[in-house]
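Residue numbers (this note's numbering), protein chains in the order written: chain C, 101 to 305; chain E, 1195 to 1820.
Do not rely on the hints blindly, as some may be mistaken.
[What the hints assert, rightly or not] Residues of chain C placed beyond 12 Å of chain E at every Cβ, according to the derived structure: (1) ARG204; (2) LYS251; (3) ASP253.
[Stated by the list, open to error] Covered by chain E, per the in silico footprint, the following chain C stretches (three or more residues, Cβ under 8 Å): (4) 120-130; (5) 136-146; (6) 182-194.
Since the hints were derived computationally from the structure, they do not count as laboratory data.
Cβ coordinates follow ideal geometry from the N, Cα and C atoms, glycine included.
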Amino acid sequence: MAAISDNTSRDRQENGAGMPEPMRELLQQCLKRDRKAQRQLFDFYKHKVHDLVFKSLGPKFDVDDIIQQAFIEVFKSISYFKGDSSFDTWVYRICVKVCTNQLRKKYRKRQPQIIFDSQQADTEIDTTDGGPFADLEKKELERAIYDALDKLDAEKRITVVMYEMDGRSLEEIAQATNIPLGTVKSRLFHGRKMLEKHLKRFLEK
Amino acid sequence: MDKFDAQDKSATTRRLRSLLLTVKAPAKQDRDWDRLENDLFAALDVDEHAPARHGLTIAFPRFAVYSVAATILLCAAGIGVRALYQKIRSEESIACVASVQGRVAVRWDGTGSWDTLSSARPTAVTAQKKARPGTIFAPLDKSSAIIALDKGSMITLYERSVLTIKSSDRKRQVCFLGSGSVLAKVNKRHVGQVFEVRTPCATCSIVGTIFKVDAASSSKTTLSVYQGKVAMKPLTGPVSVATLVATGRQMSVSENGSVAFGLITESTTPIRDISVLSMLAEHGENGSDSNAVLDVTSTPEGAKVMINNIMAGTTPILIRESWGRYALSLFSEGYEPYEGSVTVGRDRVVRLAAEMSQKSTMPPPAVSPPRRFVSPAMQRQKSEEELRLIPDYVEALVNIASGEYQDALAILDSLSGSGVVDLRQRMCIMETINACYRKLGDFQRATDVLEERLAKTDSQRAKGQILWELANLRGNCLGDYEGAEMALVEFLILEPDAMWAHSAYSKLAETQYYLGKYKVAAATYQKHIATFPDDPDIDRSLYNLGCIMGRDLADCGKAAGWYSRLLNSFHASKYRSAALFRRAECYMQMGKTDEAIRDYRAYLALEPDGIWRSVCIGTLKKFKVL
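Excised from the complex, chain C in its bound form (with noise of 0.2 Å):
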């Protein structure tokens, strides 16, 4: 079998001292509140923002929700980025810290994923649904693998998650879960492994 193939990210060095001169003076707009510089950075980073959250917590959440929270988090967060690390990074953490929050918090107390609502009625039909109203074979699959992460606890979650679904090194990982190394290495081991017991069927496939 080839090589899985890993994501680049992985590889990719974190280089905080050479903040690119744009963005520096986007951020510090952003900390005078400018909300053009606000949208702006809100554009440049929505996409990673958003797939993150969408890995780490699943259908289940209101990602939209959550993104929010993280955005909002990283504006009034912004003041305190001193620069040690890169942007990116940071607000990575800041990512990371609220999805873990939210699965924390509403690990038995899910919220239901509201598809549609009177305002969307009004215009047009929203077609990347998901419920029982999705394609079947994806949603199937995606549905046994947070079911299976679901069996997880937050720490173990966000850690395979990062590692295996969004492919950060451990080092990566450690930083922006403030954890040693040697816990991310154990969260991971445990969480590959309690995974593999639930998923099971599939791997057999």
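Go by the hints and put chain E onto chain C.
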């Protein structure tokens, strides 16, 4: 864990990784991002306004702490003004007037003519110069002024007081209160920094505190300490040592130098003024832009206040905002809404006393308005606008915005049954109630509300919309697939050409599939494919139809046909690789090995790390073609 290999190359781990990598965040359309962006920045706006909303709730509990503590009252007699300072530092003056209520007489250099600052001319207050040493402030009858000393330190000067700035540089801030009373909020002093209020018979030296000095009476001076400690030193009488007055205590020094102590009483505490000073001072310390205060009162009290269409609370209220211009609306039941705008400068307080006029009790004219065509969307918008004039409805919206759905529901329920609203407005309220139940996750109640709306509405379009919502709620949130199916069927009968009818077919088929009605689901898919051949999502229907035919109805021939149609018509479909694998499986069932091998190979070429890779390789090996 030393031997732990994160890159674990074992087959199981590789398969697990491959499986997990199949999870992809669903692509968002531009309009979804736009909606999310708007929600985000609306939430940020609310978040940044939040301190204003909670201004009172922050300030008053703090007061409660102060008032628990004791007070010292210092009384000092004396009328004449003594020479206070021999040396006045020539550093930059930092004292200026932050706010004027009524009229305040000012003599900028202690000599020459008097100037008057009036709240009727806010630009004069904004543009006024810094107070140099020797400047005298004297609020006239029923007037008051707030003087900003430095960031975090403010003085409220009450009516008929005379305050002389003796020194106002950064190291030494000394003022002399000839008569009247002042309330001061002073931030912590650094070593070597001095803040003193002198009266004719006492000196009060402060180390980070809120306190009030009352020298209104000619025979005594009273010091009330609301926070921190103040050293008070009588200037007359036999005892001239400083006494440290603690929080909540009063000290009074009388003309003959006698001293009395007591406790602060809540009734005499200027709670509101302390709140204003605290709000101004806190933001001065933070260096934030939100360092202006709107002090809104109304007649009658208790009117709901909205700043830039965001609910701020009820009058009387202090609202901390960034400096700038704000649209202000006040609502009170039985009174005409008050609309206005205020401009508030940096480090300034603007006071607004709204006189609200009672609504006319005259019956509305009996002339009926001319009938004209109004679209349902316009009707809803009109009803919503009308409802926004009802204070209770506004309060409900505010509760929804702050996530207090139960409170909003209580208000909306009573409003809906009150008879104040007409049928159109009631429908609008029910829509809001429905949204609340959804937010609360009480989908059963939300469904009930929709059913009630469905029974009452006459408009075909509105019915279609409600049926669509019902189907989604029942199917997505309640798992009531039968109910969802009924609603969808009814919807398709009612609006076969609706904008999202194509999606309704797809959803109907999937619902029927979940109900185990495979044949019916297949028929619905076929109808969908026949009716909407140009639907961009038709590839999904083709794929699902193939799955149902092959897997559930065991008709591999037809299944392969549908997969073939998908593969021939949609070369960039995301279901292409899965369809190839499924068709190969069908061919295997039908005994068409060559076609199956061709499809397995095509699948492997398309998805070298796909989830069915091992199955394909196993089958190809079995036929010894790999």
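- Per-stretch coverage check for the segment 136-146 of chain C, three Cβ contacts closer than 8 Å to chain E: Holds, because 4 residues of the segment 136-146 of chain C bring their Cβ atoms closer than 8 Å to Cβ atoms of chain E.
- For the segment 120-130 of chain C, do three or more residues have a beta carbon lying closer than 8 Å to a beta carbon of chain E? Answer violated; 0 residues pass the 8 Å Cβ test.
- Item | Three-residue Cβ test at 8 Å for the coverage of the segment 182-194 of chain C by chain E | With 0 residues close enough to chain E, the hint is violated.
- For C:ARG204, which was marked as not at the interface, is the minimum beta-carbon distance to chain E over 12 Å? Given a closest Cβ separation of 19 Å, the condition holds.
- Is it the case that C:ASP253 keeps its Cβ farther than 12 Å from each residue Cβ in chain E? holds (17 Å)
- Message: Verify this label for me: C:LYS251 is non-interface relative to chain E, using a Cβ-Cβ cutoff of 12 Å.
- Response: Per Cβ check, C:LYS251 is outside 12 Å of chain E; nearest 14 Å; holds.
Checked against the numbered hints listed earlier, the structure breaks hints 4, 6; every other hint is satisfied.
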